[in-house]
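Since chain A is already given, all that's left is putting chain B on it; use the hints.
Below are the chains, spelled out letter by letter.
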Amino acid sequence: MSEESFTFTVDGVPVEAREGQTIIQACDAVGVYIPRLCHHPDLEPAGHCRVCTCNVDGRRSSACTMPASAGMVVESNTPSLNGDRRTIIEMLFAEGNHFCPACEKSGDCELQALGYRLGMQALPFPYLWPRRELDATHPDIWIDHNRCVLCSRCIRASRDVDGKSVFGFEGRGIHMRLSVDGNCLGETAISAADKAAQVCPVGCILIKDHGYRVPYGKRRFDTQPIGADVEAKRAPRKA
Amino acid sequence: MEPEAERAPSPSGGLTAPAPPEQVEALVREAVAEVKADRTRLMDVVQAVQKRLGYFPDAAVRLAAGALGIHAVEVEDMVSFYAYLDRKPKGRFHIRLSRTPVSLMSGAADVAQAFEKAIGVAMGATSPDGMFTLEWTADIGMADQEPAGLINGTVVTALTPADATVIVAALRGSPIGDMLQLFPGSGSDGVSLPRADVASSLGQVGPILFRQSGRGDGVRAALTLAPEKVIEAVTKSRLRGRGGAGFPTGLKWRLCRQSVSDDHYVVCNADEGEPGTFKDRVLLTEIPDVVFDGMTIAAHALGARHGLVYLRGEYIYLFRILQGVLQRRRRLGLLGANICGQEGFDFDIRIQVGAGAYICGEESALLESLEGKRGAPRDRPPFPTERGYRHQPTAVDNVETFACVARILENGPEWFANVGTGESSGTKLLSVSGDCKHPGVYEVRFGITLYKLLELVGAPDAAFVQVGGPSGQCVAPKDFGRRIAFEDLPTGGSMIVFGPGRDVLDVARLFTEFFVDESCGWCAPCRVGTTLMQRSLDKILGGRGTLADVGALESLANTVMRMSRCGLGQTAPNPILTTMRNFPTAWEARLRPEAFLPQVTMRDALAEAVQVQGREPAGETVAE
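For the record, the sequence lines run as chains A and B.
So the first sequence is numbered by the working numbering: it starts at 1 and just counts up by one.
So the second sequence is numbered by the working numbering: it starts at 1 and just counts up by one.
Calculated from the structure, these hints are not laboratory results.
None of these values were measured; they are calculated from a predicted model.
Don't take every hint at face value.
[What the hints assert, rightly or not] Part of the chain A face toward chain B, derived, beta carbon under 8 Å:
1) T53
2) T65
3) I88
4) M91
5) S165
6) F167
7) D181
Beta carbons: idealized from backbone N, C-alpha and C, even for Gly.
Just chain A, with the same shape it has in the complex (with noise of 0.2 Å):
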């Protein structure tokens, strides 16, 4: 790791970075905050989600997967990338099965805290409404597939960080779902302290008895919008 640092700007703001950041790790570090769902700060990228999706350099190009180099251009904060994000946002509460006001994960959800960060309001889409499977074979964890995202972090962080590779995808296109290694949660070797049942951005897997330790009203975006903490971090400006 070289700890060279250059500059590229965000949005006209400069932005210092180091050799072998992508775009997201080195805005992070200086509080500019890109809206992203499948990125996990602790695992690898995999560019699911498109959220982050910028112009950089006049291209599109996944801000979490992108590495920065000096001189870049990056345009964040438009309109127009704000509205194609509120979309992917959109096609997703289309795509699942997502009822908020039921969901224990309500008030810490990303996708949600997305669907408020970017102003959505009334879906533009038809629910697609499928059949999805409960998992809760599991002594510790359960899994509703009714608000999977296929974000993949499950998938990286239990083979990446646990070595344990739990989680996998099965069948591809709008059929795509997450599946297990073996015939249910319970059969495989996950337990409720690895970090694959730690990283789930919605109530796709959730611990058990875990749910209303903090209740509605008190929890993480309850308070203040996602990315709030990312833009805690930016120094105030000079006046």
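Chain B in isolation, oriented as in the chain A frame:
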């Protein structure tokens, strides 16, 4: 009933019963040994087992995972991705009929009906005796001789409803062999089928590609030059990739050569999956040696020792033929160690057969598939020239591109660059199909107008032309003066002609369905967006679309285009967007005057309840 069913295959030759565990185990062990337990060869393992059993059973998933040192979920991840890999038992004869605008225009619906009648099951089903599975499939590369289909590995073309009866009878009467694959003329394990023949259909021979046989000439010419000089010659010829994207080949090779590594790879993309294209099929049939010459020249230029051909699963009938060609080249010293007597120039080629996934024509998805994984594209950078097959620098080029390279080395870059236009040197192979007198492959000079081409192929009254397949554009007569060239109308070679009376929106709907089926699912905008576009089209073409619906569809299509991860999603909206641009009146004609109509009619919304209750809502008529 159950214990009886366990003893498969049943006397009638059906495969509905599960295979006995010891057979599955033996097959997996043998297949894994064949690939030396190399995890990246999972595709071969699955295909070898499926070839014998007709499917890849649960037990095989676990056994293969164990033997290859991976997890069962990773095997499942790969197998479940490909349309031609089956996890459930299918019929002994798997009949797949190609469903494309061209096949339907040629009577594929009647042929399908005849098969349904002859077998006694509907499309999508397996016959109760386990003899037949009947399905639709995407374009199989036979647009010049539709209606066409695949029966196990055998291609049948130019089908009529009468053929269906004869084919089904012939298959019923075939001896029960161990082998499920049929190849044309493969003798003892095959059955003689009518229409099991692929016509070459070379429509026009141009000045560059089909000029002479030239086995090894290009290689010998290249070996007189230093590798850098070979790349220089390719650069000087201004050759651009023939798969459709048009990236300068010389530049790609230079970047690949510059990437420092122990191993470099040459990969030939023979996954030709764009509906309406079949020119690579004709190249691999007519002049496979010239293609392999091009790959060998690339090996010299890049310092590669290994070459791979990724052959689409639909072209498995070419596999044995191409293996024979490779074998002959080894005997002639054109492959293997010390090629053409040049000390230390070692290079060989392996053919990897795909399994039904359009996305694998995208180079990074192709590399994933070559490594025995699902064909999901990679994020770039890094580009394959830097990190490709097995993370090594890799040049992935189209079949036609390699053939061009051989000709350039044989005859010189100036000779090549003198043909064509400023930005598009040389000739282009066009696969012409649809409403024209002479479908086939045409080698034309870049710069030819659509008018000229339509005259050539016998379609002077064309109503519109799909240039570049579904991912390309739908061109109206007002634009027939445009030229085939990277700077005007680029195309990988698919040219589908539609005559008077054809409806652009019916075609757009079929193409949109194609992208729904072929989206890999990795990224959200393409995975969900293609299905939502299809829903919207269904509403509009179902006679319930308003101006607002068209506006919303256009907006959705643009988001899918801008936000998708790879070329598939970025071009999937083209059938919608290019017809909106070029045929606005066709869309207007479908619109209803209302400001708003709901997606679902009240009658449809209540249908289930009406059925449960057994009566219509009391005292009122349900509005539409």
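Evaluation of the provided hints:
1. T53: 5 Å, holds
2. T65: Hint holds; A:T65 Cβ to chain B Cβ min 4 Å, cut 8 Å.
3. I88: 5 Å, holds
4. M91: 4 Å, holds
5. S165: 4 Å, holds
6. F167: Holds - the Cβ of A:F167 comes within 8 Å of chain B, reaching about 7 Å at its closest.
7. D181: 4 Å, holds
The structure meets every hint from the earlier list without exception.
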